[in-house]
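A.B. asks: This is what each chain is made of:
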Amino acid sequence: MEVAIEVQNMTRKYGDLVAVDHVGFKVYQGEIFGFLGPNGAGKTTTIRMLTGVIDPTEGSATIQSHDIRKESLLSRAHISVVPEEANVYVDLSVWQNLMLMAELHYVTRDQRVHEAGRLLEILGLTERKQQKARELSKGLRQRLMLCAALVTGPEILFLDEPTSGLDVESARLIRQIVTDLNQKGLTVFLTTHNMSEASEMCSRVAIINKGRIAAIDAPEKLRLIISSRQYVEVHFADTAPDHIELESLSDVLQIDSNKQSFRLYTNVPGRVATEVVRLSDRRGMEIVHLSTGKPSLEDVFLHFTSEREEGGSR
Amino acid sequence: MTVYREVQTWRRQIHGSLVIFKKNALLYYLKPPVLIFGVLFPAFFFLAFKMGRSIAAENVVPSMVAMALWFTASAVGPLVTPWERRAKTYERLISTPVSLRAILAGDILSGLVFGTCLSVVPVLLGIALTDASVASAPLLIAGIVLGALSFSSLGVLLAAPPASSPPNIMLLSNLVRLPLLFISGIFVPIGQMPVWAQWIAPLSPLSYASALIRSGFGHYTFFPIWLSLLMLVLFTVVLYLASCKFHTMWLSRGL
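Sequences listed follow chains G and F, in order. Going by this note's numbering, the first residue of the first sequence is number -12, and it counts up by one from there. Going by this note's numbering, the first residue of the second sequence is number 11, and it counts up by one from there.
Honestly, I wouldn't trust all of these hints.
[Claimed, not checked] Capping the alpha-carbon separation at 30 Å, the derived lysine-lysine pairs in DSSO-like fashion look like this:
no., chain 1, residue 1, chain 2, residue 2
1, G, K125, F, K41
2, F, K41, F, K60
3, G, K116, F, K41
4, F, K32, F, K98
5, F, K98, G, K0
6, F, K32, G, K125
7, G, K171, G, K116
8, G, K119, F, K32
9, F, K32, G, K116
10, G, K57, F, K98
11, F, K41, G, K119
12, G, K208, G, K281
13, G, K281, G, K197
14, F, K98, G, K116
15, G, K125, F, K98
16, F, K41, F, K98
17, G, K0, G, K57
18, G, K197, F, K98
19, F, K255, F, K41
20, F, K32, G, K57
21, G, K208, G, K171
22, F, K98, G, K119
23, G, K197, G, K13
24, G, K57, F, K255
25, F, K255, G, K0
26, G, K13, G, K171
27, G, K125, G, K171
[Stated by the list, open to error] Distance ranges between label pairs, derived from CB positions:
no., chain 1, residue 1, chain 2, residue 2, range
28, F, A252, G, E(-11), 39 to 45 Å
29, F, F192, G, G2, 37 to 43 Å
30, G, R121, F, M259, 30 to 36 Å
31, F, N178, G, N26, 26 to 32 Å
Treat the hints as calculated values from the structure; they're not laboratory data. The structure displayed is predicted, hence computed values, not measured ones. Backbone N, C-alpha and C fix where the C-beta goes; we use that ideal spot for every residue, glycine too.
Taking the hints into account, I'd like the entire structure generated from these sequences.
C.D. replies: Here it is as structure tokens:
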């Protein structure tokens, strides 16, 4: 697979504070790469370095084989950005905003007019074309931001928390459009706090914590790393065994309970489920619900981020 | 191949500067701080200067033109960057394939056009309403254009400190612009100023622009024409390079 973004030992310091600490990763052409981390972990700083807004203190990175420092303009010609804390020009109309971004990216007149019209249609903004951006709601402005990023015809799209604080409809529309464009070959670098969004959209994710990469892999594979967070969920009808009884079953590592419901964490959920059924047979108890589950991406995220915090490992 | 790529890069950056100029003209020319500090200020200063004094009206015209140019050309620059920072549009702008140098050149161009266009008003009013006449159009035009260029560069430099509040930068810009106004031979010809002021006057670009504009109207000037032309070009280059340096230095702190 061809590499779209390659980062090597990239570091950014602000005085004594190390915001990003020797991170390294590759993003391949045509993938949606998730970049996850708690607040202040270094996600936005990483994006700002890759998009040429700030320089790395150490290390290097390339975008479509162009060094972000030595060939900054060439590397920026391949990308578009929707920054987290950004806004459109509220005193310009929807159409003027799009034309401005396209012109800054040197898109020809015919192409920008054609693309802008097409994107406005897809994002449901055609009727608001002449409206001033200040008259748009937050959701519509975010759609316009995405539209302005896409009208430049980027090969790589950087999205920093694109659906944060949006209404359900706008968030879903943005996810859908990004996924569709990705299927047509667009490479996407996505930071998000929404784990289900990352899980649903990203082919690979990196988890960054305190400026360092804690893990990089496909969401499925990351889930396997913490196999101890697999679980059996059981809900009993009237009477339920007590906590100690369930804990004594072999291979159960931890139990969370809520009245008649229990979640038993284990490495071998199938075996524990069988044990639970046997126990309920022996005791004549009725099981209303029984299921097994894998850890979510959120569990993986918490595992990597809290582990580092507890261990204080930097 | 390398030369071709260089030419392409230059073309794109010049195009980028023109797009920035267009954006600034659409967004900032009619913003209240630009109108207050760029148009009302010089009008009030003119009235304060002229009223109650027995100066021939035609002698006031070059000063009026120079003062209007000073305020208008340097009014746009200090507003643009802080406004963009506050409106959260700055980060996206600097991640486009337009270099910061080209963006700043576009900002300077915005001040140049704004100042040059508005300075036409006192020129025309002066010619129409007083006995003032243009003795040398090339000198007058050179004074206005080079003056606007250097004043606009100063304005862009003043926008470099990492403040996201436009009023703070406007305050800073007035702290610089107002004292320079008084030592540049606008109200009192440089030759008649105290010796200490005559030593400071060469540090202000307004002194040289004022000299060229006076020459354009056929008045005596303290500085020779060649020196005024040279100094205005020098001021523009130095202020532009300083703008590039300080905007780059404070870029991340202003996000």
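A.B. asks: Against each hint, give a clear statement of whether it holds in the structure.
C.D. replies: Hints versus structure:
Taken as a hint, the K125 of chain G and K41 of chain F pair is honoured in the structure, with Cα atoms around 24 Å apart against an allowance of 30 Å. For the hint pairing K41 of chain F with K60 of chain F, the CA-to-CA distance comes to about 28 Å; that is within 30 Å, so the pair holds. Between K116 of chain G and K41 of chain F, the direct Cα distance comes to roughly 23 Å. Compliance with the 30 Å bound is thereby established for this hinted pair. Among the hinted pairs, K32 of chain F with K98 of chain F is consistent with the structure: their alpha-carbon atoms are about 19 Å apart, no more than 30 Å.
For the suggested pair K98 of chain F and K0 of chain G, the alpha carbons sit about 23 Å apart, so the restraint of at most 30 Å is met. Using a Cα cut-off of 30 Å, the hinted pair K32 of chain F and K125 of chain G holds, with the two alpha carbons roughly 26 Å apart. Taking the CA atoms of K171 of chain G and K116 of chain G, the gap is about 26 Å. The hint holds against a cut of 30 Å. Restraint check: the Cα-Cα separation between K119 of chain G and K32 of chain F comes to about 17 Å, which is no more than 30 Å; the hinted pair holds.
Between K32 of chain F and K116 of chain G the alpha-carbon distance is near 19 Å, which keeps this suggested pair within the 30 Å criterion. Distance hint between K57 of chain G and K98 of chain F is fulfilled; the C-alpha atoms sit about 27 Å from each other, no more than 30 Å. This hinted pair checks out: K41 of chain F and K119 of chain G have alpha carbons roughly 16 Å apart, not beyond 30 Å. For the suggested pair K208 of chain G and K281 of chain G, the alpha carbons sit about 11 Å apart, so the restraint of at most 30 Å is met.
In summary, the hint linking K281 of chain G to K197 of chain G is supported, as the alpha carbons are separated by about 27 Å, within the 30 Å threshold. Taking the CA atoms of K98 of chain F and K116 of chain G, the gap is about 22 Å. The hint holds against a cut of 30 Å. Restraint check for K125 of chain G and K98 of chain F: the C-alpha separation of about 14 Å stays at or below 30 Å, so the hint holds. Of the pairs offered as hints, the one joining K41 of chain F and K98 of chain F holds, with about 17 Å between alpha carbons and a cut-off of 30 Å not exceeded.
Using a Cα cut-off of 30 Å, the hinted pair K0 of chain G and K57 of chain G holds, with the two alpha carbons roughly 20 Å apart. Distance check on the hinted pair: K197 of chain G and K98 of chain F sit about 26 Å apart at the alpha-carbon level, within 30 Å; holds. Proximity of K255 of chain F to K41 of chain F is assessed by CA-CA distance (about 27 Å); at most 30 Å being required, the pair is judged to hold. This hinted pair checks out: K32 of chain F and K57 of chain G have alpha carbons roughly 29 Å apart, not beyond 30 Å.
Our distance criterion of 30 Å between C-alpha atoms is met by K208 of chain G and K171 of chain G, whose separation comes to about 25 Å. In summary, the hint linking K98 of chain F to K119 of chain G is supported, as the alpha carbons are separated by about 17 Å, within the 30 Å threshold. With a C-alpha separation of about 20 Å, the suggested pair K197 of chain G and K13 of chain G falls inside the 30 Å cut-off, and the hint holds. For the given pair, K57 of chain G sits about 17 Å from K255 of chain F by alpha-carbon distance, which is consistent with the 30 Å threshold.
A threshold of 30 Å between alpha carbons decides the hint, and for K255 of chain F with K0 of chain G the separation of about 20 Å falls inside it, so the pair holds. Simply put, K13 of chain G and K171 of chain G have alpha-carbon atoms about 20 Å apart, close enough for the 30 Å limit, and the pair holds. Straight-line distance between C-alpha atoms of K125 of chain G and K171 of chain G comes to about 28 Å, which keeps the hinted pair within the 30 Å bound. A hinted range of 39 to 45 Å for the beta carbons of A252 of chain F and E(-11) of chain G is consistent with their spacing of about 42 Å.
In this structure the supplied range 37 to 43 Å holds for F192 of chain F paired with G2 of chain G, their Cβ-Cβ distance being about 40 Å. A beta carbon spacing of about 32 Å between R121 of chain G and M259 of chain F agrees with the range 30 to 36 Å that was offered as a hint. Between N178 of chain F and N26 of chain G the Cβ separation comes to about 28 Å, which falls inside the hinted range of 26 to 32 Å.
The structure meets every hint from the earlier list without exception.
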